[in-house]
Amino acid sequence: AQRVTQPEKLLSVFKGAPVELKCNYSYSGSPELFWYVQYSRQRLQLLLRHISRESIKGFTADLNKGETSFHLKKPFAQEEDSAMYYCALSDNYGQNFVFGPGTRLSVLP
Amino acid sequence: AAGVIQSPRHLIKEKRETATLKCYPIPRHDTVYWYQQGPGQDPQFLISFYEKMQSDKGSIPDRFSAQQFSDYHSELNMSSLELGDSALYFCASSRFGGEVGYTFGSGTRLTVV
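Those protein sequence lines, which keep their order, are chains A and B.
According to the numbering used here, numbering within the first sequence proceeds without interruption in unit steps and concludes at 119.
According to the numbering used here, numbering within the second sequence proceeds without interruption in unit steps and concludes at 1120.
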């Protein structure tokens, strides 16, 4: 069964510090991986997807098939990065979309 | 632990029929969100409710309506179904109007034929 885990419920870092939000998945195949962000009281927004290999708002994520991970990283956290971050996966047909439980990132001044 | 429950899991309807999707939030969650995800697309926000009142509205067609009941469960009513309505419909719940993040349901897959 496919599953997404985010082991940290809460991650607090100081402004300017590096950030890594962990995401591991289980899937019998080659999934598509995504990161979504939800700022307080706002809608879910797509942050990035692994197939595009983009860097959005300074965040990057590399798919490691050997470790079945898709960790989200940013070298220098900003206060405005404080939000909930959700890792998600789907199969290659956009079916069976599964969200992780989310990690709350708190960037302290 | 209890999660967000969506019912039914799968639904097949014909064009022009109606459908009702249900979402049961986590106990003590007061906020419900509905998202629609078409094949190969990102989730699109439809509508949300906080304390039984509509709190935000996205790209929800006029043929759709939704409400949140006194027990905080929510129903999405879809009428005059079109082929393009075939999608995965996610519900998510939260507390305090979304301040503490979402918990997602597994979705209802609607197929319109």
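Keep in mind the hints are simulated off the structure, nothing from the lab.
The beta-carbon is built from N, C-alpha and C at its ideal position, and this holds for glycine as well.
Any given hint could be a false lead.
[As the list claims (entries may be wrong)] No more than 30 angstroms apart at the CA atoms, straight line, and that leaves these computed lysine-lysine pairs for DSSO-like:
1. Lys1064/B to Lys19/A
2. Lys19/A to Lys75/A
3. Lys1020/B to Lys19/A
4. Lys19/A to Lys1022/B
5. Lys19/A to Lys83/A
6. Lys1064/B to Lys67/A
[What the hints assert, rightly or not] Listing some non-contacts, in silico: residues in chain B with all C-beta distances to chain A over 12 angstroms:
7. Pro1015
8. Lys1020
9. Lys1022
10. Met1060
[Said to hold, decoys possible] What follows is a list of derived Cβ distance ranges for each label pair:
11. Tyr49/A to Pro1034/B: 35 to 41 angstroms
12. Pro119/A to Gln1048/B: 16 to 22 angstroms
13. Lys1022/B to Pro119/A: 30 to 36 angstroms
Against the structure, the hints come out as follows:
1. Lys1064/B to Lys19/A: Holds, at about 28 angstroms.
2. Lys19/A to Lys75/A: holds (23 angstroms)
3. Lys1020/B to Lys19/A: This hinted pair is violated, its Cα atoms lying about 39 angstroms apart.
4. Lys19/A to Lys1022/B: violated (43 angstroms)
5. Lys19/A to Lys83/A: holds (16 angstroms)
6. Lys1064/B to Lys67/A: holds (26 angstroms)
7. Pro1015: Fine: 16 angstroms to the nearest Cβ keeps Pro1015/B off the interface.
8. Lys1020: At about 18 angstroms from chain A, Lys1020/B clears the 12 angstroms cut-off, so the statement holds.
9. Lys1022: Per Cβ check, Lys1022/B is outside 12 angstroms of chain A; nearest 22 angstroms; holds.
10. Met1060: holds (14 angstroms)
11. Tyr49/A to Pro1034/B: 35 to 41 angstroms: Violated - the Cβ-Cβ distance for Tyr49/A and Pro1034/B, about 25 angstroms, lies outside 35 to 41 angstroms.
12. Pro119/A to Gln1048/B: 16 to 22 angstroms: The hinted range 16 to 22 angstroms is violated for Pro119/A and Gln1048/B, with Cβ atoms some 38 angstroms apart.
13. Lys1022/B to Pro119/A: 30 to 36 angstroms: violated (55 angstroms)
The structure does not agree with the numbered hints 3, 4, 11, 12 and 13 stated previously, though it agrees with the rest.
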